[in-house]
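Add chain B to chain A, keeping to what the hints say.
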Amino acid sequence: MDQLFPSVGISVVRIFEKLGHTVDFKESILCCGQPAFNAGFWDESRDIAVRVLQSLSGEGPVVVPSGSCTAMVKNFYPELFRARSEAAVAEQLSRRTFEFSSFLVDQLGVTDLGSRFPARVTFHDGCHGLRELQIKRQPRLLLERVKDLTLVEMEDQTSCCGFGGTFAVKFPMISTAMGETKSASALSTEAEYLVSNDSSCLMHLQGLLNRQNKKLKTVHLAEVLASY
Amino acid sequence: MSFTFASKFKIQATKVTADLDHRAKIRAALKSYETARDERKAQYQDWQAARHGAASIKWESLNHLDAYLVDFVTKLSARGTKVFWAGNAQEARDYIVALAKEKRAHTIIKSKTMTSEEIHLNEALRQAGYEVVESDLGEFIVQLRGEAPYHLVFPAMHLTRHEISDLFHEKLHSAPSEHPEELTMIARKELRFKYIQADIGISGANFGIAETGMISITENEGNGRLTTALPKVHVALMGIEKVIPRLSDLALFLPLLATAGTGQQITCYNSLIGGPRQSDEPDGPDEFHLVLLDNNRTQLLADAEQRDALHCIRCGACLNACPIFRNVGGHTYGTTYQGPIGSVITPHLRGLMDWKHLSYASSLCGACTEVCPVKINLHHHLLHNRRNAVASRPDPSERAAFRLFAFLTRYPGLVNRLARISRPLVPFVRVVKPILPAPIKGWLSSRDLPKIARESFRDYWKKR
Numbered sequence: 001m002d003q004l005f006p007s008v009g010i011s012v013v014r015i016f017e018k019l020g021h022t023v024d025f026k027e028s029i030l031c032c033g034q035p036a037f038n039a040g041f042w043d044e045s046r047d048i049a050v051r052v053l054q055s056l057s058g059e060g061p062v063v064v065p066s067g068s069c070t071a072m073v074k075n076f077y078p079e080l081f082r083a084r085s086e087a088a089v090a091e092q093l094s095r096r097t098f099e100f101s102s103f104l105v106d107q108l109g110v111t112d113l114g115s116r117f118p119a120r121v122t123f124h125d126g127c128h129g130l131r132e133l134q135i136k137r138q139p140r141l142l143l144e145r146v147k148d149l150t151l152v153e154m155e156d157q158t159s160c161c162g163f164g165g166t167f168a169v170k171f172p173m174i175s176t177a178m179g180e181t182k183s184a185s186a187l188s189t190e191a192e193y194l195v196s197n198d199s200s201c202l203m204h205l206q207g208l209l210n211r212q213n214k215k216l217k218t219v220h221l222a223e224v225l226a227s228y
Numbered sequence: 001m002s003f004t005f006a007s008k009f010k011i012q013a014t015k016v017t018a019d020l021d022h023r024a025k026i027r028a029a030l031k032s033y034e035t036a037r038d039e040r041k042a043q044y045q046d047w048q049a050a051r052h053g054a055a056s057i058k059w060e061s062l063n064h065l066d067a068y069l070v071d072f073v074t075k076l077s078a079r080g081t082k083v084f085w086a087g088n089a090q091e092a093r094d095y096i097v098a099l100a101k102e103k104r105a106h107t108i109i110k111s112k113t114m115t116s117e118e119i120h121l122n123e124a125l126r127q128a129g130y131e132v133v134e135s136d137l138g139e140f141i142v143q144l145r146g147e148a149p150y151h152l153v154f155p156a157m158h159l160t161r162h163e164i165s166d167l168f169h170e171k172l173h174s175a176p177s178e179h180p181e182e183l184t185m186i187a188r189k190e191l192r193f194k195y196i197q198a199d200i201g202i203s204g205a206n207f208g209i210a211e212t213g214m215i216s217i218t219e220n221e222g223n224g225r226l227t228t229a230l231p232k233v234h235v236a237l238m239g240i241e242k243v244i245p246r247l248s249d250l251a252l253f254l255p256l257l258a259t260a261g262t263g264q265q266i267t268c269y270n271s272l273i274g275g276p277r278q279s280d281e282p283d284g285p286d287e288f289h290l291v292l293l294d295n296n297r298t299q300l301l302a303d304a305e306q307r308d309a310l311h312c313i314r315c316g317a318c319l320n321a322c323p324i325f326r327n328v329g330g331h332t333y334g335t336t337y338q339g340p341i342g343s344v345i346t347p348h349l350r351g352l353m354d355w356k357h358l359s360y361a362s363s364l365c366g367a368c369t370e371v372c373p374v375k376i377n378l379h380h381h382l383l384h385n386r387r388n389a390v391a392s393r394p395d396p397s398e399r400a401a402f403r404l405f406a407f408l409t410r411y412p413g414l415v416n417r418l419a420r421i422s423r424p425l426v427p428f429v430r431v432v433k434p435i436l437p438a439p440i441k442g443w444l445s446s447r448d449l450p451k452i453a454r455e456s457f458r459d460y461w462k463k464r
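Chain order of the listed sequences is A and B.
Here the first sequence is numbered in the numbering used here, starting from 1 and rising by one per residue.
Here the second sequence is numbered in the numbering used here, starting from 1 and rising by one per residue.
Excised from the complex, chain A in its bound form (with noise of 0.2 Å):
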C-alpha cells in the first residue's frame, strides 16, 4: 500500500477524517511479517511482528485497509506469540485491530459517507476478510450507499482470485488459472471496475487484467468511497 497503493492509504485518511476522526500513521512499520509467516518462517515473522507490537501499542483501534493483513495481525499474531512473552500484548493489539469496511459500519456504525461514483462496479472479497474475519455485509452495505453505482455480483463471488501471497509465485500455473476464472466471472458482469477490500487480490487481478489487454479496472474499496 505504501508504495504501491498510496492512494488506498490517502482515501482512508481523507474518509476518517472526514468523519471527524483523528488519523495517526506509525512510520517505523512496514509490513505485519504474514509473508514470512505464511512461508512457515515464524522467527522471520515474529521478528517484524514484535516491532509491530511494539509500534502499536498504547490503546485506541488500529484500521488496516486489508483483510489480509488484518488477519494477520488480528487472528495470527496471537498463535504466533503464544506463551511468549509478548502473548498479552498481542491478544491486546488483536482486541482492537479492525478491517476498513467492518470498523466503519461495526464500530463506528456508519454507512453513508456521502460517496459518488458513477459506475457500474463488481465486488471480490479477500478470502481472508472472508472466512477468517466473517467480513462480506460489511463492503456491500458502505457500496449500495454510493451515489450512482450500480453493485453487480459476480458468478462464485466468494472464490478465491488465486494470489495467495508466495504461492502465486511458486506456483504461477495454479494462480493463474485461479485469477483467469476470478477475472472472466469479473468481466461477465460487464462492471467497469472490480473493487476489492484487498490490494494484494487487485494487484494479482490487475496483473492479468492488463497482460489480457482488458478494460476492467480495479480498485480500492476507500477509493470509492472517498470519490465525491
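Since the hints were derived computationally from the structure, they do not count as laboratory data.
Since no wrong hints were added, every one of them can be taken at face value.
Straight-line C-alpha distance at most 20 Å; calculated SDA-like pairs for lysine to any residue:
1) K463(B) <-> V13(A)
2) K375(B) <-> Q134(A)
3) K26(A) <-> E455(B)
4) K462(B) <-> L4(A)
5) K451(B) <-> Y193(A)
Here are the computed distance ranges between Cβ atoms for each label pair:
6) V70(B) <-> Q107(A): 49 to 57 Å
7) S188(A) <-> D354(B): 38 to 46 Å
8) E39(B) <-> Q157(A): 14 to 22 Å
9) D94(B) <-> Q157(A): 50 to 58 Å
10) Q107(A) <-> K41(B): 30 to 38 Å
11) A251(B) <-> K18(A): 51 to 59 Å
12) Q134(A) <-> V83(B): 39 to 47 Å
Here the structure is a predicted model, which means the values were calculated and not measured.
Beta carbons: idealized from backbone N, C-alpha and C, even for Gly.
Relative to the frame of chain A, chain B by itself:
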C-alpha cells in the same frame, strides 16, 4: 536423477491447469453437485449446529479411542469376527494376501474403499496372482483405465460419457452408447457374474460403532451389499479413527455425509454389519475379517494441534470447494487422498519432507475449512505443516530471503529510497526476464508488475 514428488506435482499441475477442457468439465460437474448440496443443506434447521455436533462426537471418539476400539472389537469378536490389528500397510496387505492363499481364492471382488488404495492392496493381490475386480461403477471405470481414483468420492469425475463409452467398447467390446443408463447396464452385466464367481469380498467401512460392534457402509449402487454378502469370505478394511461411540450417532452422520459428499439427503444403501452369518441367519458370508489399520494414524493422534484431521469422514466436500483441486485435478496430487484433506494428512502418513509441497500449493483461502462437515481446521493445518517443514529443514535461499526481508523492515526510510530509485526500472523488468530469479519470472509468466507510485504513502504523510 529421479523426479521428486514435488517436481512431479509441478510438471503435472502445469499441464492440467492449462487444459481448458478439463477446467470446464470439473466446473460443470461441481456446479450440479453444489446445487444439490445447497438444496439438502437448506433442509437442515441449523447446518452449523449439525457440523458442530458431528465435530463434538468425533472429538469424543478420538479422545477415548483406546476404550471405544476395545468395545468395538470385543463385540465384533463375540459374534465370530476375526479382527486383525495392522500397524502399517505392509502388515495389512500381508494378512489379506495370506488369507486369500488360505482360502484358495481365484477372484476377489471389492466395493469402494479408499483405505485399500492407501495400502496399495490391489497391486499386492494381483502380484500374488489373484484377479481383483472393483465393483463401484466409478472405480470399475478407472480400474479399466489402469488409473487411480481421481476423487475420493467421484473416482471417474474427470471422464465424459463419451470417453467411458469408448473405454467400454475397447475393453469390454460393448456397443457404443451415450446414455448413462446403458453404460451402467454394461458394467452391471460384467459385474453380476463377478459377484457370483468371487471367493472373497473386500469392503471399507464408513463408521465403526463401538456400542454395538458393527461397521456401517454407505453407498449408492448396491455393490457394497453384494460384495459383503455373496462371497463366502468378507474382509473389511478400516482406519482406526473411524470408530464412533453410539448407534444413534449415525442419525447425524449418515445424512451429514450424504449431504456434504454427494448432495443427497441420505445415500441409497446403508448397511450395518456385525459379524459373519450367525447360526440362525439364512445368508451372509461364512467368515468376516476386520482389518484395523493404523499406518501412522496414532502418530497424528499424538499431534495435539492437528489431530482433528482424524475427524475426516472422507466426504470429499473440501475437494469440491477447493480452487486448487478444481484446477490441478485429482491425479496431480499423486496421493491416495486428494485435495485439502490429502495435503494436510499425506505429510503425516507418508513423510513431511516428501509431501510438504502440497501444503504450499494453496492460497490459504479457507473454502475447505468452511465446508468441512466435521470442522477440521484444514487451511490452518497447511500453515502448521509449512511451519513444521521449515523448523525441520528450511530451504537455505528462502530463509536468506526472509531474513533479508525482516532486516529491511527495520529501515522503512531506506526501503522507501530504494523503491524511489528502482521506480523507473520497473518497465524494463520484462526485458531482462530470463536472468531474473524464479519468483519474479513466475509472476511475469501471466501478469504485469504493478507500478511503483510516484509518491509513496509515507512521503505523502511526511509532507502533510
